[in-house]
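4 protein chains.
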Amino acid sequence: MPTDAQQACFEAGIKFGSLYHQFAGTPVSPRSTRSLETAIAESIENQPFCESVTVAIDDDAVAADIDHENGYTELSGHLMEVEMRIAYDSVTVRTRMAMEDGYPLMKLVEVVDGRDPDGDVPADTDATN
Amino acid sequence: MPTDAQQACFEAGIKFGSLYHQFAGTPVSPRSTRSLETAIAESIENQPFCESVTVAIDDDAVAADIDHENGYTELSGHLMEVEMRIAYDSVTVRTRMAMEDGYPLMKLVEVVDGRDPDGDVPADTDATN
Amino acid sequence: MPTDAQQACFEAGIKFGSLYHQFAGTPVSPRSTRSLETAIAESIENQPFCESVTVAIDDDAVAADIDHENGYTELSGHLMEVEMRIAYDSVTVRTRMAMEDGYPLMKLVEVVDGRDPDGDVPADTDATN
Amino acid sequence: MPTDAQQACFEAGIKFGSLYHQFAGTPVSPRSTRSLETAIAESIENQPFCESVTVAIDDDAVAADIDHENGYTELSGHLMEVEMRIAYDSVTVRTRMAMEDGYPLMKLVEVVDGRDPDGDVPADTDATN
Numbered sequence: 001m002p003t004d005a006q007q008a009c010f011e012a013g014i015k016f017g018s019l020y021h022q023f024a025g026t027p028v029s030p031r032s033t034r035s036l037e038t039a040i041a042e043s044i045e046n047q048p049f050c051e052s053v054t055v056a057i058d059d060d061a062v063a064a065d066i067d068h069e070n071g072y073t074e075l076s077g078h079l080m081e082v083e084m085r086i087a088y089d090s091v092t093v094r095t096r097m098a099m100e101d102g103y104p105l106m107k108l109v110e111v112v113d114g115r116d117p118d119g120d121v122p123a124d125t126d127a128t129n
Numbered sequence: 001m002p003t004d005a006q007q008a009c010f011e012a013g014i015k016f017g018s019l020y021h022q023f024a025g026t027p028v029s030p031r032s033t034r035s036l037e038t039a040i041a042e043s044i045e046n047q048p049f050c051e052s053v054t055v056a057i058d059d060d061a062v063a064a065d066i067d068h069e070n071g072y073t074e075l076s077g078h079l080m081e082v083e084m085r086i087a088y089d090s091v092t093v094r095t096r097m098a099m100e101d102g103y104p105l106m107k108l109v110e111v112v113d114g115r116d117p118d119g120d121v122p123a124d125t126d127a128t129n
Numbered sequence: 001m002p003t004d005a006q007q008a009c010f011e012a013g014i015k016f017g018s019l020y021h022q023f024a025g026t027p028v029s030p031r032s033t034r035s036l037e038t039a040i041a042e043s044i045e046n047q048p049f050c051e052s053v054t055v056a057i058d059d060d061a062v063a064a065d066i067d068h069e070n071g072y073t074e075l076s077g078h079l080m081e082v083e084m085r086i087a088y089d090s091v092t093v094r095t096r097m098a099m100e101d102g103y104p105l106m107k108l109v110e111v112v113d114g115r116d117p118d119g120d121v122p123a124d125t126d127a128t129n
Numbered sequence: 001m002p003t004d005a006q007q008a009c010f011e012a013g014i015k016f017g018s019l020y021h022q023f024a025g026t027p028v029s030p031r032s033t034r035s036l037e038t039a040i041a042e043s044i045e046n047q048p049f050c051e052s053v054t055v056a057i058d059d060d061a062v063a064a065d066i067d068h069e070n071g072y073t074e075l076s077g078h079l080m081e082v083e084m085r086i087a088y089d090s091v092t093v094r095t096r097m098a099m100e101d102g103y104p105l106m107k108l109v110e111v112v113d114g115r116d117p118d119g120d121v122p123a124d125t126d127a128t129n
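Sequence lines, in order, name chains A, B, C and D. Residue 1 is where the first sequence starts when you use our numbering, and the numbers rise one by one after that. Residue 1 is where the second sequence starts when you use our numbering, and the numbers rise one by one after that. Residue 1 is where the third sequence starts when you use our numbering, and the numbers rise one by one after that. Residue 1 is where the fourth sequence starts when you use our numbering, and the numbers rise one by one after that.
Any given hint could turn out to be false.
Identical chains share a label here; the pair holds if one copy fits it or two copies do between them.
[Claimed, not checked] No farther apart than 20 Å at their CA atoms in a straight line, the calculated lysine to any residue pairs in the SDA-like style are these:
#1 K107 with H78
#2 K107 with E83
#3 K107 with M1
#4 K107 with R31
#5 K107 with T92
#6 K107 with E69
#7 K107 with N70
Treat the hints as calculated values from the structure; they're not laboratory data.
Make the full structure from the sequences, and use the hints.
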């Protein structure tokens with residue numbers, strides 16, 4: 001049987017894949033970044049176990065990506081940063097997507113099991129196994 | 001050579017296909033309908049020749065479509081009505097997606113050439129404003 | 001009332017927008033280009049009035065677009081050429097997406113009304129079959 | 001630090017969310033199911049850590065879902081079953097999406113750490129290879 005922590009990480013991954021492949025390709029310009037950020041966050045927050053989503057689309061990167069006369073580009077990983085918090089039973093998972101070495105990377109930031117008697121989980125006594 | 005009116009209708013179709021296939025499948029619930037409407041409209045308005053887009057997601061239909069414990073459904077044609085106005089040179093096209101016989105239908109509502117003195121709509125009483 | 005030719009152009013645009021926004025963002029590498037071409041074509045050919053779709057994904061362009069260790073990229077307009085034939089009543093429309101000035105452009109190539117005795121293409125030498 | 005097993009589960013979730021939200025909404029009919037299955041599997045197998053993907057679209061369910069004259073429907077979770085195997089370092093994760101209580105559910109089936117001598121599955125009878 002998968003553990004609660006493993007289930008929580010699986011759910012966190014689902015949200016990230018969903019977010020990326022639902023919204024990548026959306027036409028975007030500096031004048032539509034705010035509404036798109038809000039819609040993405042509120043949409044994914046509908047999914048089960050998803051506590052919070054924040055999306056920050058980089059207006060300067062969007063503007064720089066617009067390379068032709070039409071005045072817009074398509075949403076892609078290098079134009080946004082995303083943070084999510086997933087809760088599955090007693091486990092909370094934090095995830096983040098940001099640029100790393102020129103490539104948008106989805107990462108597990110932290111996996112915390114709130115039932116653990118050793119508390120908030122100091123880095124040197126990782127309770128997440 | 002395609003006429004300006006034909007080009008305008010082609011552009012109108014592109015916007016409709018884009019809107020539908022970019023956003024269909026987006027997780028949606030009654031608490032996220034307004035942000036999704038705004039993001040869809042502002043996103044598609046970025047595309048060339050697209051003068052205006054209005055999206056109305058039906059909260060009651062969304063609520064009725066939620067048939068399991070998770071509390072959300074996926075955006076689909078039967079949950080929204082869309083109107084668009086496309087302008088290509090002197091031609092203005094109005095389009096609309098709405099339910100017809102239980103199926104969401106994308107329709108050309110009106111094609112008006114502002115330069116055409118013999119057109120259905122005289123230039124000085126342009127019905128497209 | 002929109003003409004048949006205008007309806008045909010609207011339908012042609014819908015197919016193009018659908019194709020692009022359904023499949024843009026799909027993970028692709030040189031070893032998966034053929035299956036993706038086939039699936040895109042067969043999928044869009046399901047849509048009404050769509051007679052034929054051909055999709056050619058450029059393996060060299062895909063390979064050149066892979067700029068990190070993961071070995072794949074995301075499908076985008078600059079990686080493929082698309083041709084479609086739409087038939088609406090007596091009107092046949094040919095469309096094409098290809099790179100132009102560094103940007104993937106969707107174009108109406110030809111609009112032919114088979115019933116039109118004064119058209120560019122006489123019905124008995126219909127170039128659209 | 002997340003464990004390898006947690007990373008593997010996160011990666012497995014990403015693939016599932018990607019697959020679903022990239023391809024849900026694709027026009028599909030019984031005559032295009034095979035090409036779509038192949039393209040989905042080969043596409044997602046491009047993603048990192050993804051060892052294998054099998055997709056089975058249910059032709060009868062697709063046919064039953066076609067409720068209007070156009071002769072196609074849109075791909076959705078209730079029309080397909082998906083199995084994936086993800087490998088992250090020494091950990092192998094098996095996942096599956098299938099209908100459960102009328103709703104398509106993505107599940108972790110098995111998480112096996114090949115290095116773990118005390119694990120559920122002894123390394124020398126590892127069912128996951």
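task = Sort out which numbered hints this structure fails and list those numbers smallest first.
result = Of the numbered hints given earlier, the structure breaks just one, which is hint 4.
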